[in-house]
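**Q** Each chain, written out:
Protein chains: 2
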Amino acid sequence: MTAPTDHTAAKAGHTLISVDAMGGDEGPAAVVAGCSLSAKANPDIAFVLHGDEAQLAPLVAKRRELEGRCEIRHAADVVRMEDKPSQVVRTGKDTSMWSAIEAVRTGEAAVAVSCGNTGALMALSMIRLKKLPGVNRPAIAVLYPSSNPQGFNVMLDVGADVRADADDLLRFALMGTSYARNGMDIARPRVGLLNVGTEEHKGRAELKEAYDLIRDQRESAGFEFVGFVEGGDISGDAADVIVTDGFTGNVAIKTGEGTANMIGNGLREAFKYSPLSRLASLLAYTSLMRLRRRIDPRRVNGGVFLGLNGTVVKSHGAADATGVSAAIRLAAQLSESRFNDKLAARVAATLTTEETPS
Amino acid sequence: MTAPTDHTAAKAGHTLISVDAMGGDEGPAAVVAGCSLSAKANPDIAFVLHGDEAQLAPLVAKRRELEGRCEIRHAADVVRMEDKPSQVVRTGKDTSMWSAIEAVRTGEAAVAVSCGNTGALMALSMIRLKKLPGVNRPAIAVLYPSSNPQGFNVMLDVGADVRADADDLLRFALMGTSYARNGMDIARPRVGLLNVGTEEHKGRAELKEAYDLIRDQRESAGFEFVGFVEGGDISGDAADVIVTDGFTGNVAIKTGEGTANMIGNGLREAFKYSPLSRLASLLAYTSLMRLRRRIDPRRVNGGVFLGLNGTVVKSHGAADATGVSAAIRLAAQLSESRFNDKLAARVAATLTTEETPS
Numbered sequence: 521m522t523a524p525t526d527h528t529a530a531k532a533g534h535t536l537i538s539v540d541a542m543g544g545d546e547g548p549a550a551v552v553a554g555c556s557l558s559a560k561a562n563p564d565i566a567f568v569l570h571g572d573e574a575q576l577a578p579l580v581a582k583r584r585e586l587e588g589r590c591e592i593r594h595a596a597d598v599v600r601m602e603d604k605p606s607q608v609v610r611t612g613k614d615t616s617m618w619s620a621i622e623a624v625r626t627g628e629a630a631v632a633v634s635c636g637n638t639g640a641l642m643a644l645s646m647i648r649l650k651k652l653p654g655v656n657r658p659a660i661a662v663l664y665p666s667s668n669p670q671g672f673n674v675m676l677d678v679g680a681d682v683r684a685d686a687d688d689l690l691r692f693a694l695m696g697t698s699y700a701r702n703g704m705d706i707a708r709p710r711v712g713l714l715n716v717g718t719e720e721h722k723g724r725a726e727l728k729e730a731y732d733l734i735r736d737q738r739e740s741a742g743f744e745f746v747g748f749v750e751g752g753d754i755s756g757d758a759a760d761v762i763v764t765d766g767f768t769g770n771v772a773i774k775t776g777e778g779t780a781n782m783i784g785n786g787l788r789e790a791f792k793y794s795p796l797s798r799l800a801s802l803l804a805y806t807s808l809m810r811l812r813r814r815i816d817p818r819r820v821n822g823g824v825f826l827g828l829n830g831t832v833v834k835s836h837g838a839a840d841a842t843g844v845s846a847a848i849r850l851a852a853q854l855s856e857s858r859f860n861d862k863l864a865a866r867v868a869a870t871l872t873t874e875e876t877p878s
Numbered sequence: 521m522t523a524p525t526d527h528t529a530a531k532a533g534h535t536l537i538s539v540d541a542m543g544g545d546e547g548p549a550a551v552v553a554g555c556s557l558s559a560k561a562n563p564d565i566a567f568v569l570h571g572d573e574a575q576l577a578p579l580v581a582k583r584r585e586l587e588g589r590c591e592i593r594h595a596a597d598v599v600r601m602e603d604k605p606s607q608v609v610r611t612g613k614d615t616s617m618w619s620a621i622e623a624v625r626t627g628e629a630a631v632a633v634s635c636g637n638t639g640a641l642m643a644l645s646m647i648r649l650k651k652l653p654g655v656n657r658p659a660i661a662v663l664y665p666s667s668n669p670q671g672f673n674v675m676l677d678v679g680a681d682v683r684a685d686a687d688d689l690l691r692f693a694l695m696g697t698s699y700a701r702n703g704m705d706i707a708r709p710r711v712g713l714l715n716v717g718t719e720e721h722k723g724r725a726e727l728k729e730a731y732d733l734i735r736d737q738r739e740s741a742g743f744e745f746v747g748f749v750e751g752g753d754i755s756g757d758a759a760d761v762i763v764t765d766g767f768t769g770n771v772a773i774k775t776g777e778g779t780a781n782m783i784g785n786g787l788r789e790a791f792k793y794s795p796l797s798r799l800a801s802l803l804a805y806t807s808l809m810r811l812r813r814r815i816d817p818r819r820v821n822g823g824v825f826l827g828l829n830g831t832v833v834k835s836h837g838a839a840d841a842t843g844v845s846a847a848i849r850l851a852a853q854l855s856e857s858r859f860n861d862k863l864a865a866r867v868a869a870t871l872t873t874e875e876t877p878s
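Chain order of the listed sequences is A and B.
FYI, the numbering for the first sequence is 521 to 878, going by the numbering used here.
FYI, the numbering for the second sequence is 521 to 878, going by the numbering used here.
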């Protein structure tokens with residue numbers, strides 16, 4: 521079923537995205553629908569779709585816009601949400617996730633997209649793509665809704681690792697600004713280092729050290745450094761890139777998401793409360809939907825693994841076609857801007873003579 | 521101006537609250553107005569009000585409900601928001617904050633309330649009240665709006681210290697459950713330990729150790745242990761007490777507050793967008809105000825310093841009369857339930873023979 525004509529077509533002048541079609545909560549139908557949306561919006565992209573050919577072929581055949589732009593690469597096995605990363609690394613060779621990463625490792629595609637198990641995706645990406653020279657800890661970056669003009673801040677790390685020393689935090693700043701430049705078109709990103717206060721004397725020792733390291737690189741690496749920022753600045757407009765360790769970052773974004781959900785549920789109840797409030801919700805419907813879209817995580821769906829030889833975009837496990845499509849759009853932009861080459865060059869340029877690439 | 525009759529009246533059968541009347545953003549008028557609200561709502565409380573007598577006396581004289589229930593104790597100096605804690609500890613003897621804490625140190629009042637500089641308040645409280653036996657790191661606990669029946673979770677530490685080891689986290693669990701029992705009337709609080717995943721193998725080493733320590737105390741200390749929780753559970757209903765270190769906790773609550781503010785601003789804009797949406801906001805006004813009250817930080821205004829010989833309630837610096845009154849209500853409940861004695865007994869009971877009280 522792997523049509524050779526498709527394969528050729530996909531390679532001819534197209535930006536090729538490697539997509540893990542299995543493993544999301546919504547199944548391959550949502551992934552194919554997301555590819556279809558992206559294909560309509562962007563005539564320059566094509567796909568290698570990894571997964572069960574028997575399931576995927578009929579789904580792809582139904583989408584005319586995917587014709588000649590979507591190769592199916594069969595993978596018999598699937599990484600499930602409950603699988604342990606260590607196990608997937610040992611025995612996951614036949615999975616669609618492995619196959620999707622493999623297409624990046626061989627250089628066929630620059631970026632892979634998956635809705636699957638985050639831990640397994642990170643572990644496989646690390647083992648198969650390997651770290652860039654100068655990067656000790658790769659990071660997961662997300663876009664967090666903010667009051668900035670662009671509507672979002674880049675935040676990293678949000679959970680690739682539970683620790684980060686001062687040197688890692690400097691690398692996160694470099695990788696995050698590279699991502700902001702190439703993924704969000706911010707020419708000179710403003711970097712903030714997350715802390716419990718904005719005074720220079722506050723916080724943990726490694727943060728004070730990281731403060732100096734990041735400040736000293738701001739000129740040569742072409743970013744602004746706004747210094748320490750606080751939790752409230754993640755959704756604010758003081759910085760474009762928020763740098764923190766993966767433990768703090770993970771807790772922070774989940775706290776923010778949880779709080780937003782709690783308010784959303786409260787609003788729904790408030791609007792159901794009386795006939796008047798039900799009428800109100802109808803009248804305000806358009807405005808409320810506009811707000812919802814602005815802070816909808818599906819629109820910025822995609823944690824990005826940074827610091828590897830190749831880029832991997834992690835889409836929400838529960839992503840529907842809109843979510844998958846947003847992740848693919850991000851993947852295409854990063855691929856077209858040759859993001860990872862620029863990131864690698866940026867990190868390499870800051871290595872001092874004392875340091876050995878690791 | 522310190523009327524002896526007032527002083528006597530305040531002591532006769534009343535719960536005496538020591539209040540730092542200066543140092544909040546809104547000035548002493550808001551603090552006195554808050555005392556006045558509390559005095560109307562609760563006939564059993566009385567106040568020692570610390571600050572500039574010349575400013576305070578006319579404010580108190582205007583409030584009939586404070587007559588005979590409010591002693592003014594003159595303090596010439598004020599701790600400002602920009603003062604460094606170390607400096608206040610050395611030279612702050614004449615400040616209203618010092619005086620307010622002193623009334624707790626001498627046993628005159630069980631609880632002090634201040635809207636002032638958090639760092640200075642914590643430093644002064646530590647130095648003057650000293651740590652309880654068995655407590656290495658005191659903690660600041662806050663109530664965070666949640667989908668629990670009580671509407672809030674207790675979370676600690678949110679910034680007394682940037683670090684906490686496994687043993688500290690166990691103490692936080694004990695102090696937090698004591699607070700939930702006495703401040704929130706939850707007979708058997710459910711404790712969750714904040715982590716980046718709920719699986720037992722995840723997270724930092726000290727968290728796995730703390731997991732075992734807390735689990736082993738749950739029977740003897742009369743709480744449930746729900747294990748690891750994530751950032752999303754801070755506003756959820758999985759636990760009543762969320763235990764974490766002061767760095768993570770501080771970032772988390774500020775991230776949540778920031779996100780809530782961003783959504784609130786977005787809602788206001790949405791409702792201003794068109795004539796229809798403006799009409800909608802009028803129709804839904806009552807319901808929206810109900811929601812706002814539910815998640816209003818002023819209602820649960822009051823971080824509480826736990827682990828000292830005496831309780832100190834930190835009210836928001838920007839607290840108005842409603843906010844101050846909420847902090848005073850909390851202070852009164854903690855005082856009436858003899859909370860700090862119970863907390864001290866609870867922590868002391870879990871000291872093993874290997875440990876030396878510090």
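Rather than coming from a laboratory, the hints here were simulated on the basis of the structure.
It is possible that part of the hints are untrue.
One copy or two, either will do: identical chains are not told apart, so a pair holds if it fits within one copy or between any two.
[Said to hold, decoys possible] Listed next, the in silico DSS-like pairs over lysine-lysine satisfying Cα-Cα at most 30 Å (straight line):
1) Lys650 - Lys792
2) Lys582 - Lys651
3) Lys604 - Lys862
4) Lys722 - Lys651
5) Lys722 - Lys650
6) Lys722 - Lys792
7) Lys560 - Lys728
**Q** So which hints don't hold here, by number, going up?
**A** As far as the earlier hints go, 1, 2, 3, 6 and 7 are violated by this structure, in ascending order.
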